[in-house]
Structure formats: structure tokens, C-alpha cells
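2 protein chains.
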Amino acid sequence: MLVHPQYLSGESTIMSAMNAFYAQSGGVTAVINATACGVIETARKHSNKIANVYAGRNGIIGALTEDMIDTNKESAATIAALMHTPGGAFGSARYKLKGIDENRVEYERLIEVFKAHDIGYFFYNGGNDSMDTAHKVSQISKSMGFPVTCLGVPKTVDNDLPVTDNCPGFGSVAKYVAVSTQEAAMDVLSMAKTSTKVFILEVMGRHAGWIAAAGGLAGKNPEDAPHIILFPEIPFRKRDFLKRVRECVVKYDYCVIVVSEGAAFASGKFLADQGTRDAFGHAQLGGVAPVVAQMVRDNLGFKYHYAIADYLQRSARHIASDVDVKQAYAVGKAAVQFALQGKTAVMPVIKRVSDKPYRWKIESAALGRIANKEKMLPRRYITKDGFGITEAARRYLQPLIKGENYPPYFNGLPKVAKLRNRSVKPKLGTKFVV
Amino acid sequence: MLVHPQYLSGESTIMSAMNAFYAQSGGVTAVINATACGVIETARKHSNKIANVYAGRNGIIGALTEDMIDTNKESAATIAALMHTPGGAFGSARYKLKGIDENRVEYERLIEVFKAHDIGYFFYNGGNDSMDTAHKVSQISKSMGFPVTCLGVPKTVDNDLPVTDNCPGFGSVAKYVAVSTQEAAMDVLSMAKTSTKVFILEVMGRHAGWIAAAGGLAGKNPEDAPHIILFPEIPFRKRDFLKRVRECVVKYDYCVIVVSEGAAFASGKFLADQGTRDAFGHAQLGGVAPVVAQMVRDNLGFKYHYAIADYLQRSARHIASDVDVKQAYAVGKAAVQFALQGKTAVMPVIKRVSDKPYRWKIESAALGRIANKEKMLPRRYITKDGFGITEAARRYLQPLIKGENYPPYFNGLPKVAKLRNRSVKPKLGTKFVV
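Residue numbers (my numbering), protein chains in the order written: chain A, 1 to 434; chain B, 1 to 434.
If you're looking for bench data, these hints aren't it; they were derived computationally from the structure. It should be emphasised that the depicted structure is a prediction, and the values quoted were computed from it without experimental measurement. Some clues are possibly wrong.
As the list makes no split between identical chains, a pair holds if one copy fits it or if it spans any two.
Below, a list of computed lysine-lysine pairs in the PhoX-like style, where the Cα atoms sit at most 20 Å apart [stated by the list, open to error]:
no.: 1; residue 1: Lys238; residue 2: Lys269
no.: 2; residue 1: Lys427; residue 2: Lys415
no.: 3; residue 1: Lys98; residue 2: Lys373
no.: 4; residue 1: Lys361; residue 2: Lys402
no.: 5; residue 1: Lys193; residue 2: Lys98
no.: 6; residue 1: Lys136; residue 2: Lys98
no.: 7; residue 1: Lys361; residue 2: Lys427
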């Protein structure tokens with residue numbers, strides 16, 4: 001007989017371990033698999049309470065469609081190798097469960113699958129939306145008489161979850177952007193006399209400028225790159241921008257710009273949305289970098305180049321931040337520990353204990369405080385002129401990119417975990433279309 | 001009394017060391033400063049023959065304008081730190097000396113500056129054009145009665161110099177592209193079910209597909225990314241391309257494409273040149289990646305993303321190939337050794353001794369054999385269908401990305417050499433406008 005952990009009392013003698021379900025959600029990061037590693041390794045240490053960790057193939061879709069991966073079929077070495085494997089090892093999904101009123105059937109299906117597979121623990125590794133889902137599942141499972149211990153596990157390169165000091169995944173993209181800005185700037189400066197004078201690096205962050213801000217770590221003094229950061233939080237003013245670009249080229253011979261994909265005019269219109277059309281009348285695609293480049297060309301005539309980092313920035317495990325890797329593992333481990341302590345509807349959060357030396361610890365916070373809330377880059381992290389980061393921002397950001405955590409290599413390429421990803425045998429036999 | 005090294009006989013007793021001039025030319029690489037380090041450290045070991053190495057500020061322009069950097073003012077530690085410093089430490093230039101008939105005055109000015117500063121050695125660190133210049137300087141200096149020992153020193157991410165098995169700078173950009181392709185592909189695959197299905201990485205190489213080919217190292221089997229490489233050497237056929245993209249998405253759930261900036265139609269027209277106009281009627285800027293992306297969207301409707309690596313790829317010292325760093329140093333060192341052996345108008349070339357294990361050595365080749373010649377990616381390195389690399393290509397490319405050569409870090413960012421770059425006092429007092 002299986003007894004759900006939520007019903008266990010200290011005196012209970014009839015008990016058996018239940019299974020756990022782990023799913024990755026939303027855009028993956030360079031370190032989300034380190035979190036998976038933390039969850040699975042910690043669960044394995046408590047096999048008396050957690051029999052097996054089932055992972056959702058393609059995230060929550062795997063639960064809805066009863067398509068789960070049996071992580072017990074993976075060796076300890078393979079699970080350990082998740083520490084240095086980018087991407088999402090079991091597949092992630094951009095799939096948001098609808099509101100309960102709109103689509104109660106999805107939640108009921110989840111509980112049905114959990115019940116069929118003796119799943120008493122749900123670890124949902126994602127951002128705001130996922131925390132909302134985990135929260136709802138915890139409530140619905142209780143009301144359905146099969147209470148599941150629901151843990152949110154933070155992950156997002158956007159760093160926009162509240163309560164937690166920072167989000168696993170962000171430190172590594174921050175390091176990638178800071179290092180790339182520094183390196184490219186050195187390249188540009190050395191050629192500026194006869195070649196490119198303006199270099200633009202486009203980075204992620206549609207709503208919040210955390211990633212763009214990290215580019216600011218590449219330099220400290222006015223002459224250092226990046227000379228201009230364009231944040232989503234600061235309305236873009238073309239005249240001020242062009243004036244600053246010209247000043248930089250005159251003073252420093254070059255100008256390096258880090259631009260967030262979410263940079264927008266005061267009207268809220270994205271810079272990237274230029275309404276241009278191609279030869280066929282189709283809307284012209286393209287990021288914000290070429291738009292900024294074109295402004296520079298048309299108004300100042302400087303030679304420019306631009307890079308669009310796109311997925312390279314969030315998959316760059318080769319230059320992951322050591323702090324980030326450790327925190328990613330720690331939140332996975334803590335999630336399991338909290339669950340085993342009987343906590344539910346919580347998320348492990350990173351609490352900063354001190355800046356210098358940087359010290360942090362893991363605490364837990366109620367999902368209700370986190371779900372569907374966005375933490376924007378505070379105005380005090382942006383310089384008065386809107387083009388740079390302040391000392392307060394540096395104090396916050398700098399520790400997060402600290403330390404290198406290199407993957408092992410074979411023949412010049414990073415080694416990654418090769419998972420078998422064997423399916424758990426379905427028990428329901430009913431199809432569910434997502 | 002100074003006696004030029006070219007006139008020294010074994011019995012000569014009246015002699016004094018002359019100076020050397022070193023200049024970086026053209027686009028910089030992640031490891032061109034390792035070559036500078038090889039030149040300077042080796043010269044310092046022979047201070048009885050080479051008194052000082054002067055570096056051109058902004059390359060050859062520094063010689064023409066008598067604006068040279070006294071590298072003797074740099075400490076041994078600073079010169080050693082060049083090994084892990086990207087960019088061009090003394091500044092490089094896109095400046096090609098014209099033909100002698102067109103502009104003899106430039107060559108004469110060079111010799112005049114060399115004479116004034118007792119420069120008997122000229123080390124020119126660049127690509128095809130620079131080898132041509134070094135060759136000409138060697139000839140003219142002789143005819144002007146001030147024979148200068150002229151050494152070309154290879155550098156180019158494009159890997160297009162003949163005679164040498166490969167070019168310093170290429171191995172590191174190759175490693176960057178292979179690693180980035182592998183990482184981004186893992187990201188895309190893990191999300192493909194509900195998100196991006198087609199990912200495009202645009203890489204450098206306007207004429208030769210060496211860099212694009214390196215992306216092919218990320219995978220080995222048909223299901224592995226990259227699924228398609230678009231080479232400048234293979235005329236782009238839209239129908240074949242789209243067919244292959246669709247096949248990949250159907251078979252493997254996703255399709256990763258590495259596209260060379262030089263990819264072109266059979267007519268020779270670059271894919272990037274789409275003749276599109278913005279709202280103001282200006283030619284629409286943009287690389288080849290958005291063009292390919294748009295084709296995929298308009299014809300297949302798959303969700304796509306693209307990255308444009310641009311300067312990030314050639315400045316990425318943080319993921320430099322160890323083989324590349326060592327070869328970059330070795331060609332600098334060998335150039336000085338050859339010069340001291342009395343060789344002139346030659347370039348150190350890398351000779352591959354064996355593939356497995358990879359072994360190489362440095363030889364010398366006459367500049368006349370190298371100048372103004374381009375080594376294209378051989379057809380036998382490209383699969384029959386034109387979309388991939390062959391085993392022969394792998395045998396050639398794989399050793400070049402081998403080994404990691406990490407820079408030291410401080411506070412999460414790579415440490416770089418901080419040069420004083422003190423000017424050599426001008427002696428001519430005449431201005432020369434370039």
C-alpha cells in the first residue's frame with residue numbers, strides 16, 4: 001500500500017516511497033541541467049522516500065501525454081555529467097497551462113497521471129509562469145484528494161523572478177555577455193583607426209535589462225567599452241543616442257554598444273519593429289542591432305559591425321559562471337530537501353548574505369509570492385543618463401559571473417551527457433492531446 | 001658604426017645590433033598577440049643582434065607616420081600576457097600599400113623611416129596582402145641600398161594562405177564556431193517540440209568556407225547538428241535548400257544551419273544582398289542569416305532564430321584552441337629565428353607531419369609563393385550534396401581545434417595585457433599623410 005507523504009505521521013509504519021516528477025519549462029539555460037542533476041542526485045540519496053524521479057519529455061507536455069522519462073535508467077556518471085551539459089536534457093516546452101476555469105481538464109489530467117504513477121512530488125523548473133502552474137497544481141491536487149508536494153525550482157536567464165536575489169541561468173549568460181563585450185571591444189579598438197568604429201552587440205531581455213546590464217561589467221571607466229547600453233527600461237531617444245555615439249568616437253576612437261532586444265521608444269514601440277518590408281512586401285525580419293546600426297550609418301556615417309548573440313548566449317556552457325553552476329545545483333538539491341521536510345508550494349530562493357566576499361544561502365519562499373511577478377532592473381542600477389550601470393549594479397552583478405566552471409573536452413569539443421531517456425511505461429492508455 | 005645584418009660576414013668584428021619593426025595587419029584574431037609575444041620574446045633572447053622591437057602603432061601606418069611603439073618599455077610579464085590577450089595589442093590597420101609604380105613614395109618613406117631608426121628587420125603579421133607588401137619591401141629596400149630582412153608572419157581567421165597547412169587565428173575561430181554550434185543545437189533541440197525548429201548561425205568567410213566548415217565538427221551523424229552548411233564555394237539553390245530544411249525538421253524535429261557570410265547564388269550575387277529598402281529608401285542592411293531565416297519562414301513556416309557571431313568569433317580568446325595559440329607563438333618565434341639565420345622574403349609555414357596523433361612543425365616558404373594567392377576550401381572537403389563536410393575535411397579540421405588554452409581570470413573576466421605603448425621618439429620630423 002502506498003501512503004502519500006503528506007499523510008505520513010511519525011508513527012506510521014505502513015509506507016512506501018512515492019515517485020517524483022521533474023519537468024523543465026520555458027527557454028533553457030546553460031545550467032538548467034545542473035539543477036536537474038541536483039534534483040536527481042538528492043532524490044537518489046533518499047530512495048526510501050523518493051523511489052524514482054520521472055522527467056517530463058518536453059516538460060509538462062510529458063506529464064499531460066503520459067510521456068515520461070525514467071531517470072533511474074541513467075547511470076550515476078550520466079546524471080553527474082548533466083552538470084556540464086547545456087540545453088534541456090529531457091526537453092523543455094513553451095507551454096503554459098491555462099487558468100483553472102478555462103481548462104480544468106488539463107489540471108485534472110495531470111493529477112490523473114500523477115496518481116497512476118504514484119507521483120507524490122512535483123518539481124517544476126522554470127520561470128514566472130511555471131511557478132504559477134506549480135502553485136495551482138498544489139492547490140488542485142489537494143482539492144482532488146491526491147495532494148502532491150509541489151516545488152518550484154527557479155530558472156531563467158532573464159533574472160526576473162522576485163524574492164530570490166538572482167535566478168540560476170542568469171549568471172552564465174551575464175558572464176558570456178560581459179566576456180564577449182570585453183573581447184569584441186578589444187578587437188574593434190585595435191582596428192578603429194582604419195576600420196569599424198561602432199560595434200553593436202544585441203542581447204536577450206525583452207522586458208528587463210538584466211542581461212544588457214551585465215555587458216556593463218566589461219568596463220569601468222568612461223573610456224572603457226561598453227560606452228552605451230540600451231535598456232528596455234529607458235525610453236530610447238535617438239538624438240541623445242547619436243550624440244553620445246559621436247562623442248565616444250571623437251573621444252575614444254570607437255564606440256561599443258550593448259543593446260537589449262527589448263529596447264523601445266517612449267511610445268513602447270520596440271526599436272526592432274521598424275515596419276520595413278522586403279521585395280515581396282513581407283515584414284522585414286531582424287533584430288534591434290541592425291536598426292541601431294542603420295541609424296549610426298545614416299546619421300553619422302561611421303563604419304559599424306554588429307553581432308546578435310541569440311541562443312549562443314544562453315547555451316554557452318563553455319563559459320558558464322561557477323557561481324551560477326553551483327547555485328543551479330543548489331536550488332535543485334534544496335527543492336528535494338524542502339519536499340522531504342514536508343514543505344509544499346514553495347520555491348528555493350537564493351539569499352545574498354554579503355557582497356564582498358560574496359556569500360549566499362538557500363531559503364524557501366511561498367510560490368504565491370513569486371508566481372506571475374516580474375522583477376525589473378531597478379532605476380538605481382542605471383546611470384542618470386540612462387546609458388550605463390551604477391556602482392550599485394556592479395556590486396549586485398559582479399559576484400554572479402565569478403569563477404569559471406569548464407566542461408571536460410574531447411577532441412576539442414565539450415563533452416555532454418548522453419542520456420538514454422527511456423520511457424516510463426504508460427498506465428492510463430488514454431490519449432491526451434495538447 | 002652600425003652594420004646591416006645582411007652585410008655581416010662571419011669574420012666581421014665591427015657590428016652592432018639593429019632594431020626590428022613589427023606590425024599587425026588586417027583583421028585581428030584571438031591569437032595574433034601570441035605571435036607578437038613570440039616575436040618579441042625571441043628577439044629579446046638575441047639582443048646582441050636585435051636591439052629592440054618597435055611595433056607599428058596601427059600597423060604599417062605607424063611606420064609610414066613614424067609613430068612606433070617601443071616594446072622594450074614593456075616588462076617581460078606584460079609581453080608574456082600577450083599570449084592570452086585578444087585584439088591587436090599595438091593596433092592593426094586595413095591599409096594596403098599600393099603597387100610600386102602607383103605609389104613608390106610610400107615604399108621609399110618606409111625605408112626612410114627604417115633607416116632613421118636603424119631598422120634592419122621587418123616582421124609583417126598578416127594575410128595575403130601583407131605578404132605581398134613584405135615581399136615588395138624586401139625588394140625595394142635592396143634596390144635602395146638599405147636591404148631590410150623581411151619576414152611575413154601568417155595570421156588570418158580566413159585560413160586562406162597557401163603553402164602553410166593552416167593559418168594562426170583560424171583554429172580558434174573554428175573552435176568557437178564548432179563549440180557554439182554544438183551548444184546552440186542542444187538548446188534548440190530541447191525546445192523544438194513547442195518552439196524554434198530552425199536555427200541559423202552566420203559565420204565569417206566572404207570568399208572561403210573554412211570557418212563554416214568548422215561548424216561541421218559539432219556533429220558527425222546525419223541527425224547531428226549542423227544539418228546544413230552553406231559554403232561560399234557551393235552555389236546556393238533555394239529549392240534544394242528548403243527541401244533539406246523540411247526533411248530535417250520532419251526527421252530530426254529541428255534543423256541547424258551554419259551559413260557563411262559569403263554564401264552566394266550561382267550568379268555570384270551574395271545571399272545577403274537582397275536589394276531590400278527601408279522606409280527611407282535606403283538599402284536594407286543585414287547579414288545573410290536573416291535572409292535565410294526569411295526564406296524558411298515564407299516557404300516553410302517554421303519558427304526560427306538566428307545568431308550572427310561577427311567579431312565575437314574572431315576575438316573569443318576565452319575559447320581559443322590550444323593548438324592555435326601554440327602555433328601563433330611558434331610562427332612569431334620562427335620568424336625571428338629565420339631572420340637571424342639570414343633568411344629574408346620568407347614566411348614561416350605550418351607543416352603537418354601527421355593527423356593522428358596530430359604533429360606539426362615550422363618550415364619557411366618564399367613570400368613569392370604566398371603573396372596574393374588564396375587557398376579555397378577544396379571540393380573534396382564538401383559532401384556531394386554540398387551541405388556538409390567530408391571525412392577528409394574532419395581529418396584536416398579536427399586537430400586544429402584541439403585543446404583548451406584558457407586565459408587567467410579576475411573577478412569573472414579574462415585578464416589581458418595592459419601595455420604602456422610608449423612612443424619611439426621620431427627622428428625625421430617630416431610629416432607623412434596616409
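Against the structure, the hints come out as follows:
1. Lys238 <-> Lys269: within (13 Å within a copy, 34 Å between copies)
2. Lys427 <-> Lys415: neither (35 Å within a copy, 56 Å between copies)
3. Lys98 <-> Lys373: Answer is within: at 17 Å inside a copy they meet the 20 Å cutoff, but 62 Å across does not.
4. Lys361 <-> Lys402: within (16 Å within a copy, 38 Å between copies)
5. Lys193 <-> Lys98: The answer is between: 19 Å across copies meets 20 Å, while 56 Å in one copy does not.
6. Lys136 <-> Lys98: within (10 Å within a copy, 73 Å between copies)
7. Lys361 <-> Lys427: neither (40 Å within a copy, 63 Å between copies)
Checked against the numbered hints above, the structure breaks hints 2, 7 and satisfies the rest.
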